[in-house]
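Trainee: The primary structure of each chain is shown beneath.
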Amino acid sequence: MTGLRGKSAIVGVGTYGLGEAPGLSEYEIMTGAIERALGEAGLRAKDVDAVFCTSMQQNMGSLTLAEYLGIQPRFSDSTVIGGSSNLAQVLIAMMAIETGVCETALIAYASNQRSTSGRLVSSSKPDPYEAPYNPRQPITSYALSASRHMHEFGTTREQFAEVAVAARAWAAMNPEAFMRDPLTIEDVLSARPISDPFTVRDCCLVTDGAGALVVTSAARAKDMPKPAAYVLGAAMAHWHRYIANMPDLTVTAASESGARAYEMAGVKPSDFDVVEVYDAFTINTIMFLEDLGFCPKGEGGRFVEDGAIAPGGTLPVNTNGGGLSCCHPGMYGMFPVIETVRQLRGEAGDRQIDGAALGLAHGNGGVFSSQVSLVLGTQATL
Amino acid sequence: MSDAIAGPGAEQTYFDHLAEGEFHIQHCTACHKAVFYPRAVCPHCGSDALEWRQASGDGVVYATSVVRQRPEKGGVYNVALIDLAEGARMMSRVEGIAPEKVTIGMAVRAEVDRSGDAPLVVFRPAGGGS
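Chains as they are written, first to last, in our numbering: chain A, 1 to 382; chain B, 1001 to 1130.
Hints are computed from structural coordinates only; laboratory data are not their basis. Note that CB positions come from ideal geometry on N, CA and C, so glycine has one too. Please note that the accuracy of each hint is not assured.
Where chain A lies over chain B, by a calculated footprint (3+ residues, C-beta under 8 Å) [unchecked claim]:
1. 1044-1056
2. 1060-1069
3. 1088-1102
Model the full structure from these sequences, guided by the hints.
Mentor: What follows is the structure, encoded as structure tokens:
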């Protein structure tokens, strides 16, 4: 696997319609993001020979997207493993590019679920062993994990709230973020309760939004207009689908995907300049900081205290505002990747981390189920 | 035909037991572990030699949440993960106690609730009388 290190690069990223995009279809906002991503790479749709698309609304997303754009690709993929799908597609694209199956991959995601339904759209059939108990899914599954983390490690609601407050402070510096008003720990604790221990402010947003990536070989990336973000490490893991079958509710398979991605990249947690993790709920950030090696297991709650992951803290985490405050169009996995690329290029405006050269983008799918870790770096890290 | 492929399969058998008011779970006769949810093969060892046994009904709360819906959507109720004495884990709810009083580590006992549209296993605090 170390043979894939640095062989592929992200050469274009695009976002479109983050927050609200009323009156536009899923593929219309997706196209907006794609035009921006291709534009960054100096490419047109006809230059793409592999199409990757994940949709919560239809299960043949890459077919629809290719048809929509007039592409007849050599390779196509509509992986659906939840919110980590687009990160998994980066790994699949790397393998396809390195083996000569394709040269230039387009990876896209969009949803207009805020404008069309106003609530989180689920693409899953109800599980016969869960549905009779009416868990509010996916929220209750993550809440059960949070209850266990509180029980085993003494993690507090205030510590969960720290995660939401830090995300909001980053979002305040991101013009694209949907919620940018000030947020306090007390605001989080006193918000509408949803599924204990979570209030609505422990939960991700429901927004519209689209994202797109262009991935090609490192050799071709050299001639592209923008500085490339090289994929130094990539790995996926999953241990369960439904929450009752998660072996230990306080340990995710990110502990495996992260370790393998670091091994491929030849890096360790302390090497990262920026960390972008899928924060569907406040517990996610705490668990991923532990499982991805930024603090010992059980210490995540204490790690995030006193603004440690907020602007000016010790570790920049979710610098775009995350799923909690930037956007969450059903599946958020595309956006940690895009934010990492922007940070590595020095394009993150007021929230830019000076000299960011190595970033971690981590995606989560299902209910702490599928985990995909990507290590991205500038040319200097190759 | 001895090799005819026909049900009921494991999923149907589980719910058939519940319809009779009985809570049965699978045990693997190869590796001797309990299996839940019901499957065609053992997820621990891969054997298909699974047999049904009546569950002891004893369990312990592993994780718990209180779902807070508007009254017309079900109101306030408990959702918990229960570790069965046999070693398997399942989602359920604890009844007979305020939902926020359900705590991790609490000993609970199963019963089959057939009052609704479909039968389901729920739990009550152990030793709390009938």
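Trainee: None of the hints should be skipped; say for each whether it holds.
Mentor: We went through each hint and held it up to the structure:
As drawn, the region 1044-1056 of chain B meets chain A at 0 residues by the rule of a beta-carbon pair under 8 Å; below three, the given contact is violated. Closer than 8 Å: that is the beta-carbon criterion, and the region 1060-1069 of chain B has 8 residues meeting it against chain A, so the requirement of 3 holds. Figure legend: the region 1088-1102 of chain B, annotated as covered by chain A; annotation consistent (6 residues with Cβ-Cβ distances under 8 Å, at least 3 required).
Violation of the numbered hints given earlier is confined to hint 1; every other hint is satisfied by the structure.
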